[in-house]
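Asker: Kindly generate the complete structure, drawing on both the sequences and the hints.
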Amino acid sequence: SAVISQKPSRDICQRGTSLTIQCQVDSQVTMMFWYRQQPGQSLTLIATANQGSEATYESGFVIDKFPISRPNLTFSTLTVSNMSPEDSSIYLCSARSTGYEQFFGPGTRLTVL
Amino acid sequence: AQSVTQLGSHVSVSEGALVLLRCNYSSSVPPYLFWYVQYPNQGLQLLLKYTSAATLVKGINGFEAEFKKSETSFHLTKPSAHMSDAAEYFCAVSPSSNTGKLIFGQGTTLQVKP
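Chains Z and V are the protein sequences, given in the same order. Counting in this note's numbering, the first sequence runs from 1 upward without gaps. Counting in this note's numbering, the second sequence runs from 1 upward without gaps.
Hint data in this document are derived by calculation from the structure and do not stem from the laboratory. Keep in mind that a hint or two might mislead.
From chain V, some residues computed to sit far from chain Z (all C-beta separations above 10 Å) [to be verified]: (1) Glu66; (2) Glu71; (3) Ser73; (4) Met83; (5) Gly105.
Some chain V residues judged to face chain Z by a derived CB distance under 8 Å, without partners named [as the list claims (entries may be wrong)]: (6) Ser27; (7) Tyr32; (8) Gly100.
Quick caveat: nothing in here was measured; it's all calculated off a predicted structure. Just so you know, even glycine gets a beta-carbon here, dropped at the ideal spot from N, CA and C.
Answerer: This is the structure:
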């Protein structure tokens, strides 16, 4: 299994600003992902973070709004840009190693005022 | 398109009673299936997984699930509920090992009454 940490754990931001969320894995992993969990709802995949290349975004998510970096096999960042109250969610990072399962970080709880 | 349906957004059981959380999937290829649990204000923890080996899968905390291809189901069970089992449970499918994507069901909130 992989142990995943995220920073910050929570934040309250003003509309129009941006927040960068960091995700650190304790071992090298093949795949990293970013999910959004809106209040009281399930998880929706935002994108697959590709090491050394542009992230692969799911339908409804765009790079300008959610730029993602993955400079190496253990670290990734997600930026939520030009935030609005609708972006208030939990953002979760996950990683997959040699098995098929994904391991999740504790999440970043974002509130946009 | 692949999808996951969890029947019952809320399930309430008494402590010591059987827990049954239902999950049906839609996939054109043999899927990989997972159950995750989310405790309040925490991330997701893997309970168990099905990856085309044994159809009856045992997980952590006394949970198990059975893959039934004919019914496209992967229901989660536990013989005797504990108060500590109260949480949100998510069923997820990974239609392709190549992409690694997970598609989640809507989740089921399990309430355990004393």
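Asker: Please flag the earlier hints that this structure goes against, numbers listed from lowest up.
Answerer: 5 and 6
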